[in-house]
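Student: One-letter residues, chain by chain:
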Amino acid sequence: MQGPTIVDSVLAHPEMAREPLDFWSMLFVFVLATFIGLGVIRRVSRLLYTPLMSLTNAISAIAVVGSIIVTGADYPPVIRLLGAIALFASMTNIVSGFLITDRMLKMFKTEDKPREGGPA
Amino acid sequence: MRAVVQLSYLLATSLFVFALYWMNAPKTARRGVFAGIAAMGIAVVATWIQPEVIHHGWIVLAIFAGFLVGVPLSRVPLTAVPQRTALSHAFGGLAAGLVGTAKYYLWLGEGPENLTPFRMTAIVVEIILGYLTFTGSLMAAGKLQEVRWIPQRPVTYRFQNVGNIGLLVVAAVLGVALVLQPTAAWAPAVFPVIIGLALLFGVLLIIPIGGADMPTVISILNSYAGLAAVAMGFVLDNKLLITAGALDGSSGFILSIIMCRAMNRSFTNVLFGAFGQVQQLKAGGEQKEYKAESIEGAAQVLEQANLVVVIPGYGMAVAQAQHKVRELHDQLKKRGITVKFAIHPVAGRMPGHMNVLLAEADIPYTDLVEMDEINPEMPQCDVALVVGANDVVNPAARYDKSTPIYGMPIIDADKARTVFAIKRSKNPGFAGIDNELYFAEKTWMLFGDAKHVIGELVKQLSGGAGMH
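In order, the protein sequence lines correspond to chains L and F.
Using my numbering, the letters of the first sequence correspond one by one to residues 327 to 446.
Using my numbering, the letters of the second sequence correspond one by one to residues 0 to 467.
These are computed hints drawn from the structure, not numbers from a lab.
Hints should not be assumed to be uniformly reliable.
[Claimed, not checked] List of simulated lysine-lysine pairs, BS3-like, C-alpha gap at most 30 Å:
no. : chain 1 : residue 1 : chain 2 : residue 2
1   : F       : Lys-26    : L       : Lys-432
2   : F       : Lys-332   : F       : Lys-26
3   : F       : Lys-332   : L       : Lys-432
4   : F       : Lys-26    : F       : Lys-339
5   : F       : Lys-339   : L       : Lys-432
6   : F       : Lys-414   : F       : Lys-450
[What the hints assert, rightly or not] Covered, in the sense of this in silico footprint (three residues per stretch, anywhere, with C-beta under 8 Å from a C-beta of chain L), are these stretches of chain F:
no. : region
7   : 42-49
8   : 83-95
9   : 350-356
[Said to hold, decoys possible] These stretches of chain F come out as covered by chain L in the derived footprint (C-beta under 8 Å, 3 or more residues):
no. : region
10  : 26-33
11  : 197-204
Every residue gets a Cβ at the ideal spot worked out from N, C-alpha and C, and that includes glycine.
Using the sequences provided together with the hints, build the complete structure.
Tutor: Quick look at the structure:
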């Protein structure tokens, strides 16, 4: 590796002076949130990996937040159209993700609960 | 106003953490869903009421369309859950990619001073991850759904890995150029090239991957979708996006590690290993004979057992046999026989796939046992019933270095006193190798469709009176 790396040149850029605080605090948030995520997910029951995945799908559709702003702010229509498609995609994930997670979780029963309907 | 929004975001973040925390047991898990819904609702409202959001028509329309597509997507049969999951990763990647694209062109047009190197780096990461997750997940969903024009078998060709990595390097180099010169005259033209390369890379990444690797691949794509959301958070300076994305990213990461371990393979080996290639090696060995057993015979042996362990695999999902399995479970329980289900971590096409299918069939989750817990019990097991599983019970994984599954932890079906294996045909399994369990002295084959065979077993056990 010769010369400054990408990271070096990005960090050394004069523009960085304008946003150093947010850059670092965002990086902290990211790293700490990852650790919390690893800690919490490690304890998730192995039975529930499929619902876990659809739940985290729905949660990561938090991209809806960014899409709402891009769609609703006073931007050129083309930009807002991209936002609207992103909003549609995120919303689909939120709705289907939460609904199917709940649908699956409802099926996990222990022996003592009575079974609903259906001939045995 | 800003304080309200930020406080709402903080609340939403905490609720998301609790949502995942409650997933640690089936009893509290549904509470987790409600926490997640509450968090999402709070986040959406807090964002929508911000003063900069002035146009509402398209928002309402997009949300409405989201419901219109989302509700049917949540009603798919549970055997189709892997492809639904892959599809939602695709949507997640697309959303991230589009917002990154929108923001870049917006700032390029009206505020190039916003395109700081840091933001630009985040945008480049966001679009590369977002778009590659989009096409990669679409391909994965297509393979899982068995769409006709997407090959099911792994597709390999010369220089595949070199080509793929080269593609990614080109995209990265162009990305660095954009970071350094985000407003150069050539920049608006280079941006779509990066998008195109990312889209292409996503396709090429999934083409060589076969069905048995899908649990790992879906987990990796899950992780990417989360990281794309994180990058979007960096672009938009939004900490809620960063935390929620990081939670998703770490979840996908942990699941991929667990899946890799369950197959004794590394990340790189899954992504670049092209599982299908090795299969020629074992062909041409001496022809071994299967021993077939009749339904009546099998039913008699089952009736005599004390402990029956059912080992389900993807074949059970394909045959939709889980409800028949449950009837068999009931018949055996009625006779005081203990029935357990041995779940291999990579059985099926996504993490936890078998658990969900069996839970759907009303089998109590307390009877579903992990591989590590069931294996010590296998010597006491009278009958191991293999339903559509293959590689996860192949004893060759323990010692035969020439098989692609060497080193993979397996369920010790061969230690049971008797093994019944239901198999549709005499063809070898996914890895293309004979399963020597099927030729063992204690193994009897029940050839036929899993649903049909188990249905016949149930009929036999219930006295053949046709109660169904």
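Student: Now look at each hint and say whether the structure bears it out.
Tutor: Structure-based check of each hint:
1. Lys-26(F) with Lys-432(L): 10 Å, holds
2. Lys-332(F) with Lys-26(F): Holds - the C-alpha atoms of Lys-26(F) and Lys-332(F) are around 24 Å apart, at most 30 Å.
3. Lys-332(F) with Lys-432(L): 23 Å, holds
4. Lys-26(F) with Lys-339(F): 20 Å, holds
5. Lys-339(F) with Lys-432(L): Given that 30 Å is the threshold and the Cα spacing comes to 21 Å, the pair holds.
6. Lys-414(F) with Lys-450(F): 25 Å, holds
7. 42-49: Held - the region 42-49 of chain F has 5 residues with a Cβ nearer than 8 Å to chain L, which meets the minimum of three.
8. 83-95: Since three or more residues must qualify, the claim that chain L covers the region 83-95 of chain F holds, with 9 doing so at under 8 Å.
9. 350-356: Satisfied; 5 residues make the cut.
10. 26-33: Coverage by chain L holds here, the residue count being 4 at a Cβ distance below 8 Å.
11. 197-204: violated (count 0)
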